[in-house]
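S.K.: Fit chain X to the known structure of chain V by using the hints.
Residue numbers (the working numbering), protein chains in the order written: chain V, 1 to 252; chain X, 1001 to 1109.
In short, the hints are calculated from the structure, not lab data.
Heads up, a few of these hints could be off.
Quick look at which bits of chain V chain X covers, simulated, 3 or more residues with Cβ under 8 Å [claimed, not checked]:
id: 1; stretch: 118-125
id: 2; stretch: 232-243
Listed next, with one range per pair, are the computed distances between beta-carbon atoms [unchecked claim]:
id: 3; chain 1: X; residue 1: Tyr-1030; chain 2: V; residue 2: Asn-209; range: 49 to 55 Å
id: 4; chain 1: X; residue 1: Tyr-1030; chain 2: V; residue 2: Ala-68; range: 47 to 53 Å
id: 5; chain 1: X; residue 1: Leu-1007; chain 2: V; residue 2: Pro-66; range: 40 to 46 Å
id: 6; chain 1: V; residue 1: Val-250; chain 2: X; residue 2: Leu-1007; range: 50 to 56 Å
id: 7; chain 1: V; residue 1: Arg-143; chain 2: X; residue 2: Phe-1106; range: 36 to 42 Å
id: 8; chain 1: X; residue 1: Glu-1109; chain 2: V; residue 2: Pro-115; range: 50 to 56 Å
id: 9; chain 1: V; residue 1: Lys-203; chain 2: X; residue 2: Leu-1007; range: 41 to 47 Å
id: 10; chain 1: V; residue 1: Met-184; chain 2: X; residue 2: Val-1095; range: 45 to 51 Å
Every value quoted in this text rests on a predicted model; they were computed, and no experiment measured them.
Ideal placement from N, C-alpha and C gives every residue a C-beta, glycine not left out.
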Amino acid sequence: MAQKAKAAVVAKSKKDARAEAIERLRTDWTETEKVILRRRSVRLYKKEQVPEFMVKRILEAGRFAPSAGNCQPWKFIVLREPEIIDGITDTVVEITKKFNAMLDYRKPGASWRRPLAKTFIRLRHNDLHPVPFGAIGMISEGRLGLWHGAPTVILIFKDIRGVSSPELDCGIAGQNMVLAAHSMGLGTCWVGFAKLAFQYTKKWKERLNIEYPYSWANSLAIGWPKGEPDGMVERPVHPVDWYENGTKTVCE
Amino acid sequence: MGQFSFLEKIRIPTYNDPDQVEAGGVEFDYEKCSGCSICVEACPADSIVFQDKKPYLKPTGENECIACGDCVAICPEGAIQVTKGYRYTGYFKTVDQGDLKPPRLFGDE
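Here chain V stands alone, though its shape is the one from the complex (with noise of 0.2 Å):
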């Protein structure tokens, strides 16, 4: 009888608990939902080269994330080698000079690239969506970096064989990655742009050991960023249909 009272007693104390959880709730952020919605993608970074241990826990973010049949599909490489960092971007403005010259039909006299870069953008509408189209420009004139100085980058490759969508997992891990270096008041980027130099030349796949069953599936820069880049800001809201009690709902 006594036990059973004492059972009672808990379970009350663990239901006012939660109560009381959900209480502020309403009126504070959690510390994990800050860093997700402070997270913005850093540009600006710091020379200092960011503590091995440090990175070495970011990639243990990483290593626990979710996936597909818990397949883990992925391979991680850690450059903090200036003169790779430094000669993939080379790589990548290259190819990115080329495109443009090829594809950029935007410049005074040069409407006449419009139907064949029409083409292409239909043919690689991902690839060449306006926003990356206008950073090819940019990237092969020096406006826009692309791991912007930061003295750490992960290269996140695939493995080919993953179960159901090993791209997606590569993102799942790569974002887990991402909160837990803001946790720690670094910044990161993702750079997807890094692509070309694996997807158009043999020399960075050959330098770095990139062969079966890998493939190129993102990057992330990582570095202490300059000023205070993280901070709360404005986005669009989606219309989400939400299904309940036999209507439908629009809410936002």
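M.R.: Just chain X now, kept in the frame of chain V:
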């Protein structure tokens, strides 16, 4: 869902036509701005120009603002606001995006 005409599904917009591709936008509060120019450095789209010690959004055609808010967040004076997101037409028509809002707690629901 049902938001595209046949033409919109197939037509690739012309990127330098402001009727078809509209950049995002920010506004500067020049009373708060100290002229430190960190926003110019932070902008990934190279859309901010620094003139007479103040930042300005580049004119249409040169401005490729993606409304990322990096300038807003890094500004030490809180002098910048994103005023509109980018909008594209045709194949890249922007859909299912509403007004700009900061993170919401929904605490009073």
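S.K.: Taking each numbered hint in turn, which are not upheld by the structure, reported in ascending numerical order?
M.R.: 6 and 10
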